[in-house]
Structures are given as C-alpha cells and as structure tokens.
Amino acid sequence: MLQVNNLTVQYGDLTIVDHLSFTAEEGQWLMIVGPNGAGKSTTLNAITQGTAYTGQVLFEGEDMKKKKAAERARCVGVLMQNHFAEYAFSVEEVAALGRYAYSGSRRIADRDTAPERKTTAVHLPRPAFLAGRSDEDERAVENALALTGMTSQRKQSILTLSGGELQRTFLAQVFAQDPKLLLLDEPTNHLDLVYQKQVFELIEKWLQTPGRAVISVVHDLSLAKAYGTKVLLMNHGRKVACGPAAEVLVPKHLDPVYQMDVSGWMRQMLGQWDG
Amino acid sequence: MEKNRFSIIEFVIFAAVTFAVLCLCICIGSVRIPPTDTMSVIWDGMRYQVDLSAAKPEGLQASIILSVRLPRVLCVAMTGAALALAGGAMQGLLKNPLADGSTLGVSSGAALGAVIAIAFGIRFPGLPFAGTMVMAILFAFLSLVLILTLAYRLDYSLATNTIILIGVIFSMFVSSLMNIIVTFAADRIQHITFWTMGSLQGASYQNALVLLGALVICGGVILRHAQELNAFAIGEDNARHIGVDVRRVKLVILITVSGLIGVCVSIGGSIGFVGLVTPHIVRMLVGPNHRRLLPASLFGGAVFLMLADLAARTLLNPIELPIGVVTSLVGAVVFVVIFYRSRRHS
Amino acid sequence: MKNRKFLTAGIAVMLSCALAACGGQAGTQQTMAATEAVTETATPSMETTTEEVSVAAAEETTAETTEAKTEVSGPITITDMLGREITLEQPAARVVALTPSDCEILFTIGAGDTLVGRGEYCDYPAEVLDIPTVQSGAETNIEEILALEPQLLIMSTMSQTEEQAAQLEAAGVQVVISDAQDIAGVYTAIEMIGKLMGRDESAAEVIDNMKTTFAEIEEKSAGDGSKTIYFEVSPLEYGLYTAGAHTFMDEVANMLGVKNCFADVEGWSAISEEQVLERNPDYIMTITMYYGEGPTPEEEILGRAGWENVTAVKNKAILNLVNNELSRPAPRLADGAKMLYDFVYGEE
Chain A
2 MLQVNNLTVQ YGDLTIVDHL SFTAEEGQWL MIVGPNGAGK STTLNAITQG
52 TAYTGQVLFE GEDMKKKKAA ERARCVGVLM QNHFAEYAFS VEEVAALGRY
102 AYSGSRRIAD RDTAPERKTT AVHLPRPAFL AGRSDEDERA VENALALTGM
152 TSQRKQSILT LSGGELQRTF LAQVFAQDPK LLLLDEPTNH LDLVYQKQVF
202 ELIEKWLQTP GRAVISVVHD LSLAKAYGTK VLLMNHGRKV ACGPAAEVLV
252 PKHLDPVYQM DVSGWMRQML GQWDG
Chain B
311 MEKNRFSIIE FVIFAAVTFA VLCLCICIGS VRIPPTDTMS VIWDGMRYQV
361 DLSAAKPEGL QASIILSVRL PRVLCVAMTG AALALAGGAM QGLLKNPLAD
411 GSTLGVSSGA ALGAVIAIAF GIRFPGLPFA GTMVMAILFA FLSLVLILTL
461 AYRLDYSLAT NTIILIGVIF SMFVSSLMNI IVTFAADRIQ HITFWTMGSL
511 QGASYQNALV LLGALVICGG VILRHAQELN AFAIGEDNAR HIGVDVRRVK
561 LVILITVSGL IGVCVSIGGS IGFVGLVTPH IVRMLVGPNH RRLLPASLFG
611 GAVFLMLADL AARTLLNPIE LPIGVVTSLV GAVVFVVIFY RSRRHS
Chain C
240 MKNRKFLTAG IAVMLSCALA ACGGQAGTQQ TMAATEAVTE TATPSMETTT
290 EEVSVAAAEE TTAETTEAKT EVSGPITITD MLGREITLEQ PAARVVALTP
340 SDCEILFTIG AGDTLVGRGE YCDYPAEVLD IPTVQSGAET NIEEILALEP
390 QLLIMSTMSQ TEEQAAQLEA AGVQVVISDA QDIAGVYTAI EMIGKLMGRD
440 ESAAEVIDNM KTTFAEIEEK SAGDGSKTIY FEVSPLEYGL YTAGAHTFMD
490 EVANMLGVKN CFADVEGWSA ISEEQVLERN PDYIMTITMY YGEGPTPEEE
540 ILGRAGWENV TAVKNKAILN LVNNELSRPA PRLADGAKML YDFVYGEE
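Chains as they are written, first to last, in my numbering: chain A, 2 to 276; chain B, 311 to 656; chain C, 240 to 587.
Just so you know, the hints here were simulated from the structure itself, not pulled from any lab data. Some clues are possibly wrong.
[Unchecked claim] Now the stretches of chain C that chain B is said to cover, found in silico as 3 or more residues with beta-carbon under 8 Å:
(1) 414-424
(2) 437-451
[Claimed, not checked] Chain C is nowhere near these chain B residues, computed Cβ spacing over 12 Å in every case:
(3) 323
(4) 332
(5) 344
(6) 368
(7) 370
(8) 505
(9) 520
(10) 596
Every residue gets a Cβ at the ideal spot worked out from N, C-alpha and C, and that includes glycine.
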C-alpha cells in the first residue's frame, strides 16, 4: 500500500532521516520505534508532505507528491499527539471536518441527489457557506462519533473536553475522513492508561475492515509488541531493523540502539506486577 | 437542528438588525431632521433615480440626507463589514483571537502605502484614487507576509503572544516611517490624523460602490473558504491532514484580506479594532464555526461601525470625533478582556 | 508561567502606549505640526497682489530707516510672555527662532540679519530660507541649537513646551517665549522682540502700521454680522476642520463685521459636514494647499456633493489663502485681514 524509497530529510546540514526505505501493506499495523531524535515523526511528516524531502513516497504505486491535498487526505489520515484548542468548536464540528476531502466531489454530486431538497417547493441554489452536508457525510460522521463513543458529547465544546475525550474527538475526525492508511504520532502519549487502551482498541477495530493499514510512532515498546504486526526500528534517521515484532524487538537490535539492556529492564518492571 | 450553517431565519434577523441600525444612523445626525422628512426625502430621491421625470429632491434636508448622510452611512456600514470579515478571517487563519488589521499592523502598513503613493505622486491616469488604493492593498499584503514570516521564524506554533508582539512593534515601526515621510512631504500629506485615526466624512456614492465591489469580490472569496478557515482555526497541521491545500488557502486569504483592508484604509483611513471586536462578540452569539461566524461578522461589523460613527458624529455636536477614537476606545477594552481570558485557558 | 505574565503585562503596556500615541498626540499635536508644515516647502506665492507688494515695500523702507538709527545701549530687561524676567547685556546679535511667526517678526523689524538658525517650518520672507534650519516642535534638538551659539533663542508655546525651555536654559541658552493668542498678543510679541533686538522704534512702527490697517478695515467694513463666513483648515477628504472662536481668523472676521459661523466652537476643531450645510455660510475661506494636480481647493469645494445650496458655493465666494496670512501670530495678519476685506467687500 505504502512504499517509501530512499527517504531523506535534511534541515540545513542536519540529516534527520537518512535513505530510509520501508513498506506498509494492507491489514498491517506498522510500529515505528526508536529513541528520541531517531527521525520517526519526521518520517510521518514526509509521508503527509508536511516537510521537504528527497526520495520517493508511493501510495498504491502513485507518487504522493503529485497528489492534490484533498486526494492525499482521502488516502492518508493522521492523528497527532497534541491538540491545542483555541475556539469553542463542538465535537461534531471537528469530526465533520474529516469530510473536508470529499467536499469537492460532493458539490457536484449533491445537486440532484440531496433528498431533502426535493421536498422543498422552490429549489433555491445555496451559496457554499449555507450548504449542508450530504447524507454520506452525515453517515460517516455518525459512525465515527459512535465508534469513538463521542455521540453523547457531540454538542460539547472542545475547550471543555478532557485530554482523552479530545483525542477521541480527533480520532472520530480521522475515522470520518475514512483514509486507507492511518498515521498515528504517539497517539496516547499524554493519556492515562484507560484512554491508551481505548484508543488502541479502537484503532485495532478500525483496522479490521479490509483495505486499511496503520503506521504509528510509539515510544512504549510493549505497546509496539502488543499491537504491531510489523516493527520498524530507527536510529539516527536510519533503519536498524524492519520486520515482524518478534524479530525486531530483540536484544540484538534493541540494546545497541537504546544503549541498555532493554528486555532485562522490561522484565524487571513486569516482574514487580507478578510478585 | 443543524448548527453548522447560517439558517435563513438567523440571516433575516441579522439583516433586519443591520437595516434598523442603518435607518437609525440615517435619521440621526448633527443636524436634526424629523424621521418622516428623512424618509420622504429618501423616497423622493429613489423615485428620481428610477424616473427622471419625477421631481429632484432639493433643499437643505435633501442635501444633508442624500449627499452627506446616506453615502457616509453606507460607506461606514460596508467598511465595518469589510474590516470585520477581514478580522474574522485572520483570526481563523492564524488560530488567534487577537488577530486583526490593527493589532497585526496591517492597517498601518496599508496607510503607509497610501501615504507613499500620495507623497511620491504614484497614480494611474484616469483613475483618481487608484494609485493610493493599489499601494494600500500592496502594502497591506507585504505587511502581512513580513509579520507572518517573522513570527514563523521566531515561533513556528504562532503563539498568540509572539505574533501580537510582532504586530505591535511593526505598527510602531510603520508609524515612525510614516512620520518621516510626512516630515519630508509635508505639503502633500497634511493630515496624518486621517491616516492614524480614520474618517469617513465626505464619503461618496462612488466610494460606496468601490467598497461594495471589494466586499463582493474579496468577501465572496473569503466566505467560500469558511470550511478551510474552520480547519485552520482548529490547527494548521490538522488542516493539512484533512486535505486542505494549506499554501493555496493561506495565500488566497492573505490576498483577499489585504484587498479588503487596503480598500478600507484608502477610503476611510485606518480605523482600528473593528476586526477585533466584531468577530469576538459575534463568536459569543453564533459560535466559532466560520460558516456562521463570517456572515454574522459582516452584519455585526456594519452595525458596530455605524454605531461608532453615529457616536463620533453626534456626541460632541457640532464637533466631530475621529471615528478611530471611538472604535479604539471600545477595542482596547475588548482586547484586554480577550487577552486575559485566553491566557487563563492555557 | 511567570514569563507569560511578564509578556502579558508587556503587551498591555505597549498597546496602551500605542493607543495613547494615536489618540492623544495624533489628535492635537500632529495636526498642529502638520498644519504648521503646510507651507514648509511652498515657495511664497508668485502671484502676490499689488497690495502685498506695496506693504512689503513699505516694510523694507522702515527697516532701512531704523537700521540707520543708533542702537539702544546698556542692559535690556523684559518680561516674556510667560511672565519670566529676562535680562540681556546688550541687544542680541545671534538669534535662533523656532517659530515661523517669530522669524517673520524679526525680519519685519529689520533684525533678520541676526538670525543664525530657524525652525524647519519658518518660510517667510523668502530670505529666511537661506538661514540654517534646526528641528523644532517635539523633535527640538538641543545640541543642534547649541552648535549655532545663539545669544538668544525665541520660541513659542504653540509648538514648544516649557520643559524644553528649561532644558535649553540649563544648557546655557537664553530663552524667550512668545505666546500670542490674539492680535493684542501679537503686538506684545513684536514689542518684546523689538526690545530684545534693540529695535524698539521699528517695532513700534510695525505695530502702528498694523493698527492703522486694522482700524481702516474696521472703519470701512459695513458688515453688521448678518453675513457669515466658514473657515476651512482641513478639506473634506480628510475630515473637516475649522477655526472657531479665539483664533486669528475669528478675530479678523469680527473686525470685518462678518460672523464666523463656527464661533460656538473653541479653537481649531473637527466639525460636522452637515453643520456647514445647515449654517449655510455666505463666504468660505480655505487654507488648503494646492500642489498642481486635480481640482484646485476652490474647485474642489464648488464640486462637493450636497454643497450646491450653500450661499458661498452658489456665489462662488471662496477664498484660498495659502501663505498662512491668517494663521500665524505675525505682522502679516494685517495683510491677511486686508485680503479678506477685499474678498468680502471687493477691491477698491
């Protein structure tokens, strides 16, 4: 589904991502792990064309660079780790914005299919700012809100939400966006355990529909191990190892990258729970 | 009920309030004219426009109503609408409730452009005010680009503090440039108050037409981008992720906002804080969704500036206050309120 | 958090400063500076009326005659117009004048050759333009003035502050302040400057000439205050300003038996366009500069929408005075009064 070839990102003299190549296939949950400054988030940024790069990012064989913004958004959706709300948009408004990428095509399709128009005696052409959402949009937003459990809070202002609720709101947005590939940048970094579990389970459920894939950057190696079908270990912008979790998350690869006995420490911590 | 668009009923209510204030502002003025006379003069004037054989309204009342008050109130209403729309668009684009032509220094930039056009005699043959207007628009745009570039350099997240601080500093810088030009070209620019405080005295129907044109073109484009502004108001990165062509939208909004502010400044001088106060108050009424906020701001801006102009015209009769004094007075208070409120959130 | 508070306070302070700068200064000081600047780069009018030429000629002769006379010797003590006592050992020979009107007085009493520096807005008579300029008003530069080594500095309360006077005096410059608010005040200023320059007699002569002109005009004027005049000091495009009560224009109008239609407004003030139409002046005098393109100030007024019913517009009774004859407390007020008389009653 996604193919990254020789991706290189440089800020001045600094090379953040260095000739990185990997693929993500349908049904896969690719976990990108590595220490701080390994270039994980930058890699996601390059995929969404948020930063300049050399190399190739191909989505289903087509160059992402050549796609228009809306087309790109129909292929790839993103859930960021932080959200700073300034205005009192409602949960529903934020979620509905996920349908933005479809608004161009809707404007054309809308003209003769919108059912509620047919009931009105006078067919008034409405300017863009008066236009409503199409049925399909409506359904997608409803589903997304239901899936993330935000339906009951749909009218609530995002300024009053907790961190977990805010993250679920944006998850609803990206679900409504209905991309084929979902990118997650440390989606649960600031959330407490309950929300971490919720979010990861929601994404796992979303991934079950055929034709979808997820790439996420995570810090927590046990999360990567638990949910990832494939793991990409990065260090200094380079690929260290890539493959099934069981093959990558092993001392041979991890210990040199993190410069410590990773599995030993993990076991030690988990051991305290058993005892 | 779906709340993400401006319903017909709301549209009618806002339009009705605006129209009522318009009538009020035409009926009240420095010279007292009974409302019934005012209405009959306007009626006669309109009949004369439609049917040239009808009697042309003449006399003092006709002159005051038709030649002085009506064109001025129309220009004030449209200037208010344009500035409020520009302010609302910038506040959305920058995700910053304090953004406005005056706080970012865009109005000062536009005024500088106009002053340069006058001082150096930049004009287009056949179009008397075009030189000033084009320079005002150009400088408004350059100011915006400069301020934003500086702000991005300093602080990528465009924190409220950074950009406003840069705007205020830029305003001061531009004012001093303007003072230098005024010192060197004093014979041509005698009226610095006009460029710093604004005045819509002497506004003509021609000015009103120009404003209407700017509103229809630039305002139309801005209103078409309501959804994109919503996305920016939630966050620029988020906007990119949901498929907004961030660069294109930003450029379009900056150009149209510059167009609106440039035209307003070249006609009425720089009138501050309309674009700050109006969207803020309107947001409390209709919420932050730009599909509702922008059209409501159009009406709100017209109402706010018409009332400010009414105060400027009548409070100290026969003396007139500069309209910018009135708007700044209200604006400064609102600015402080928003500032403290938004800082308390974070 | 602390940082943020600091920033908040900083922005609030800066903003209020910016606001104050806009509101306070722009309203009064800047317009004053701007209006004073009106004639800065303007060359004195080429088409001087015969009247003016004869007055100027008369002044020149008086100047020559007084120069021939012996100067007063011994210390000179005067009280300046702020009530401060000033003593000079001998008449000043090196003078800096910051205000245009004081420059004009110096030249009229024949002491123009003592000027070693002038404020940048001093532009009359033409000879004054050859004298080095110094910055005046809010930008007054003390070092620049000291470099000219003046024995005397004349400034006015119109554009300078008392603090500036105190600073200059602390720096060793003898400062004299003129503060003419009306025509009588102009006489006082001329007399005071005459004394300081040791030219009491020519000063007295100038005052006499002015008094004679004013008296003649007043006597000849048949007006009973039924005709009204509107003085326009800022055109419609930038918001109307008029000269109300207690201005030289107002005083001269009263002398002519013509009523200033904005006598109820104090000083120079922004006024409502509607009020001008309602008050329907018989005459309009504007001091708007014309810089060679578009309609002249007269044409612009005649073409204003809605003004067609104003008597002055109907009769095309509009006078454009461009050389500050009636806006400066200087001897030329008499010329201005004469011009206004001719405009109202027709030239003889």
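Hint-by-hint comparison with the structure:
Coverage of the stretch 414-424 of chain C by chain B is violated [criterion: at least 3 residues with CB-CB distance below 8 Å; count 0]. Here's how the stretch 437-451 of chain C fares: 0 of its residues keep a CB closer than 8 Å to some CB of chain B, so the rule of at least three is not met and the hint is violated. Non-interface call for residue 323 of chain B relative to chain C: holds, since the shortest CB-CB distance, roughly 31 Å, exceeds 12 Å. Distance to chain C confirms residue 332 of chain B as a non-interface residue, since its nearest Cβ pair spans about 17 Å, more than 12 Å.
Residue placement check: residue 344 of chain B keeps its beta carbon more than 12 Å from all beta carbons of chain C (closest about 14 Å). The beta carbon of residue 368 of chain B sits about 7 Å from the closest Cβ of chain C, which is not more than 12 Å, so the claim that it is off the interface is violated. Non-interface status of residue 370 of chain B relative to chain C is broken: a Cβ of that chain comes within 12 Å, the nearest being about 6 Å off. Against chain C, the non-interface label of residue 505 of chain B is violated: not every CB pair exceeds 12 Å, the least being about 9 Å.
Every beta carbon of chain C lies more than 12 Å from that of residue 520 of chain B, the smallest distance being close to 15 Å; the non-interface claim holds. Non-interface call for residue 596 of chain B relative to chain C: holds, since the shortest CB-CB distance, roughly 27 Å, exceeds 12 Å.
In terms of the numbered hints stated before, the structure departs from hints 1, 2, 6, 7 and 8, listed from lowest to highest.
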